[in-house]
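Protein chains in written order, with the working numbering: chain A, 1 to 702; chain B, 1 to 88.
All clues stand as given, with none of them false.
List of simulated lysine-lysine pairs, DSBU-like, C-alpha gap at most 35 Å: (1) A:K65 - A:K298; (2) A:K580 - A:K163; (3) B:K20 - A:K96; (4) A:K228 - B:K20; (5) A:K228 - A:K96; (6) A:K672 - A:K163.
Hint data in this document are derived by calculation from the structure and do not stem from the laboratory.
What follows is each chain in one-letter form.
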Amino acid sequence: MSDQTLSSSSMPYRTISWVVWAGVIALGAFAFAGIALNRNEPVSAAWLVTAAICVYLIAYRFYSKFIANRVLRLDDARLTPAERHNDGLDYVPTNKYVVFGHHFAAIAGAGPLVGPVLAAQMGYLPSTLWILVGVVFAGAVQDFVILFCSIRRDGRSLGEMVKMEMGPIAGGVALVGTLGIMIIILAALGLVVVKALGESPWGTFTVAITIPTAMVMGVYMRSIRPGKVGEASAFGVVVLLLAIWYGQYVANDATLGPAFTYSAPALAWAIIIYGAIASMLPVWLLLAPRDYLSTFLKIGVVVALAIGIYLVQPDLRMQAVTRFIDGTGPVFSGPLFPFLFITIACGAVSGFHSLISSGTTPKMIERETHARFVGYGGMLMESFVAIMALCAACVLDPGIYFAMNSPAAVIGDTPQRAAEVISSWGWVITPETITQTASDVGERTILNRAGGAPTLAVGMAEIMARAFGGQGFQAFWYHFAILFEALFILTAVDAGTRAGRFMIQDLLGHVYAPLGHTESAFSNVVATMLCVAGWGWFVYQGTVDPLGGVNTIWPLFGISNQMLAGIALLLATTILIKLKRERYAWVTLAPTAWLLVCTLTAGWMKAFSSDPRIGFFALANRYSDAAAAGTILAPAKSIGEMQRVAFNNYICGTLTVMFVVLVVIMAYFTIKMSLQALRTALPSAAETPPMVREGGIAHAPA
Amino acid sequence: MLLRDVLKPALSCTESTGLKVEECVACARSAASQIRGGWLRILGAPDYRAYLAHHAANHPGSHPLSEREFVRTYIERRYNGRGARQCC
Chain A
1 MSDQTLSSSS
11 MPYRTISWVV
21 WAGVIALGAF
31 AFAGIALNRN
41 EPVSAAWLVT
51 AAICVYLIAY
61 RFYSKFIANR
71 VLRLDDARLT
81 PAERHNDGLD
91 YVPTNKYVVF
101 GHHFAAIAGA
111 GPLVGPVLAA
121 QMGYLPSTLW
131 ILVGVVFAGA
141 VQDFVILFCS
151 IRRDGRSLGE
161 MVKMEMGPIA
171 GGVALVGTLG
181 IMIIILAALG
191 LVVVKALGES
201 PWGTFTVAIT
211 IPTAMVMGVY
221 MRSIRPGKVG
231 EASAFGVVVL
241 LLAIWYGQYV
251 ANDATLGPAF
261 TYSAPALAWA
271 IIIYGAIASM
281 LPVWLLLAPR
291 DYLSTFLKIG
301 VVVALAIGIY
311 LVQPDLRMQA
321 VTRFIDGTGP
331 VFSGPLFPFL
341 FITIACGAVS
351 GFHSLISSGT
361 TPKMIERETH
371 ARFVGYGGML
381 MESFVAIMAL
391 CAACVLDPGI
401 YFAMNSPAAV
411 IGDTPQRAAE
421 VISSWGWVIT
431 PETITQTASD
441 VGERTILNRA
451 GGAPTLAVGM
461 AEIMARAFGG
471 QGFQAFWYHF
481 AILFEALFIL
491 TAVDAGTRAG
501 RFMIQDLLGH
511 VYAPLGHTES
521 AFSNVVATML
531 CVAGWGWFVY
541 QGTVDPLGGV
551 NTIWPLFGIS
561 NQMLAGIALL
571 LATTILIKLK
581 RERYAWVTLA
591 PTAWLLVCTL
601 TAGWMKAFSS
611 DPRIGFFALA
621 NRYSDAAAAG
631 TILAPAKSIG
641 EMQRVAFNNY
651 ICGTLTVMFV
661 VLVVIMAYFT
671 IKMSLQALRT
681 ALPSAAETPP
691 MVREGGIAHA
701 PA
Chain B
1 MLLRDVLKPA
11 LSCTESTGLK
21 VEECVACARS
31 AASQIRGGWL
41 RILGAPDYRA
51 YLAHHAANHP
61 GSHPLSEREF
71 VRTYIERRYN
81 GRGARQCC
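Whole structure, please, built from the sequences with the hints as guidance.
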């Protein structure tokens with residue numbers, strides 16, 4: 001529908017619209033007032049969700065429309081890449097609701113689930129505010145603007161666009177940065193799975209079953225009934241539900257139980273070997289069928305959780321703001337600024353989305369104006385997932401939350417010691433409650449399961465069991481939630497390793513040409529192994545380093561992901577200025593500035609803070625000095641472990657510095673290109689020359 | 001605007017049907033096939049019917065790929081292409 005018909009709408013429509021929007025604004029204000037005024041009594045999670053939905057509606061209706069019409073000037077007279085290159089395979093003009101679903105399924109993963117759960121240690125209020133403000137002014141803007149830029153450039157990728165608009169050096173820097181974040185992201189996701197499945201035969205069994213299930217589906221869809229996705233997926237979903245149900249019997253079985261019980265380091269090796277093999281198997285066998293399964297579950301869970309929160313209306317038991325905003329929290333250390341803003345990446349703003357917005361999505365867009373709904377709207381939807389994850393973490397007993405998310409170095413590894421430490425922080429909890437919670441969800445222990453998945457699973461299990469099935473189903477829903485996260489993490493590990501392989505081949509090709517040939521089996525194996533070794537090293541160290549784990553790697557992930565967002569927004573700013581729309585450059589420049597301030601501060605603090613709980617180098621020095629002096633610092637148990645802690649932290653510190661340097665280089669190129677563009681009188685952005693739809697009139701590019 | 005977009009196809013359907021049963025059935029069929037195609041596309045799964053329609057419209061006279069060939073090419077292109085496809 002074009003804006004022409006909208007603006008000339010009849011009077012009654014306008015009146016109705018005015019009344020409806022006044023209502024939305026009033027409801028949003030009411031929900032926020034409810035949250036703000038009930039500071040001393042529990043607030044229902046339904047209020048939080050309502051407030052969020054109102055903010056999304058208002059932002060979509062007003063801010064995204066402003067961006068679409070004034071800043072980007074979307075033009076339906078221009079043919080989109082999908083129409084110009086329609087090949088029935090990659091480029092296909094697609095209904096906008098379908099593109100929305102596709103785009104949402106591609107951007108939503110474990111990220112928006114993990115970040116908010118970790119950030120909940122500071123209370124629900126700071127996290128909620130950052131998720132909402134971040135998505136409206138940064139995250140959704142980034143996804144939308146990058147999608148627009150890619151549509152205007154034949155669906156080119158972020159890396160290619162950086163090269164076109166900012167030069168080859170900036171392009172190379174962006175490629176290295178993207179590879180870095182890919183490695184870190186895979187490591188963080190891999191660790192989440194490992195932490196969730198350690199010593200958990202029920203969980204390990206159900207996740208292991210997904211592999212043969214997907215393979216049967218793959219063979220079915222390729223050879224038995226080609227392309228019958230519905231039949232194969234129905235089979236897959238039924239098998240998975242049965243596997244979750246029978247998992248409890250496997251776990252209690254005398255022979256099968258121990259066969260599926262693994263320690264975290266063993267599982268780390270398992271996922272490393274899995275990643276190496278899976279990413280070299282043909283895509284139809286494992287990757288594609290499991291991707292369908294995971295998309296089914298993803299959409300189903302998001303819908304079910306939203307319904308569950310409204311049906312149950314659970315109270316938020318975490319405080320609005322906890323004392324850990326001062327930086328002494330056990331889940332991640334560091335004060336609210338800047339660490340909250342890098343811990344919650346996906347859900348507020350995620351650089352990784354710029355790769356999707358310049359990947360398959362721009363090749364499916366039917367009309368330029370749909371980019372608003374798909375790009376901006378899709379990110380609002382992801383933010384909604386983050387809000388629900390935050391709710392799930394905050395409806396838990398805070399004592400349980402801290403028991404699950406604090407590292408063993410802080411709360412020990414017995415329920416007695418954990419209850420003692422957590423009660424001393426002011427959240428009174430008994431060892432019995434901890435043991436009872438574990439047995440309610442069918443696990444032996446819930447201690448030290450940082451990483452979001454298990455916490456979310458307990459919260460979800462509580463909400464879902466109260467909404468559907470009753471207490472007896474809590475263990476079922478817990479393992480359902482674990483399976484659901486593991487499923488798309490394993491898919492991401494597989495797909496991410498393949499993407500990382502191409503990037504490594506791109507880079508290696510510059511050093512030694514034959515290694516850049518993507519058809520060469522030798523080059524493929526070398527690049528895959530390098531990629532797996534990269535993330536696998538972090539996963540393994542996260543399980544054996546007494547101070548390592550999700551709590552260490554997540555800040556690194558946040559910094560690199562927000563850095564990529566910074567690069568994407570810098571590109572967007574350069575393009576706006578090159579289009580001679582510097583009047584509106586603040587739309588991308590303001591979030592860029594905020595992200596740069598956060599990532600550079602956080603990067604600097606993570607690397608060079610003298611507080612060993614925050615600074616990588618400070619911690620490394622402390623341990624290597626002590627090791628040299630022959631003393632052993634807890635929780636390390638030997639000189640070898642001390643040296644391992646020191647070495648790991650030197651690596652993490654070096655990576656952080658590298659990310660900071662990359663961002664600074666990109667900022668330099670943005671300033672340089674922008675100054676150049678400001679001096680020229682005509683637009684200089686390298687858009688593909690427009691082709692005009694029959695009967696349409698393209699607007700002048702200025 | 002969102003609401004009107006959703007209602008438009010449904011409304012146009014009721015306008016054209018009147019009271020004839022065949023038209024209602026045809027309308028429901030086309031709606032079902034649209035939902036099926038849309039769902040496949042959200043999943044990123046191959047949709048052979050859509051491909052045949054595309055082929056008939058754009059390359060009349062040449063032979064389209066068989067369903068088996070199409071499914072293979074599609075999955076290979078989608079998952080073994082360069083670039084990121086799945087997010088964190």
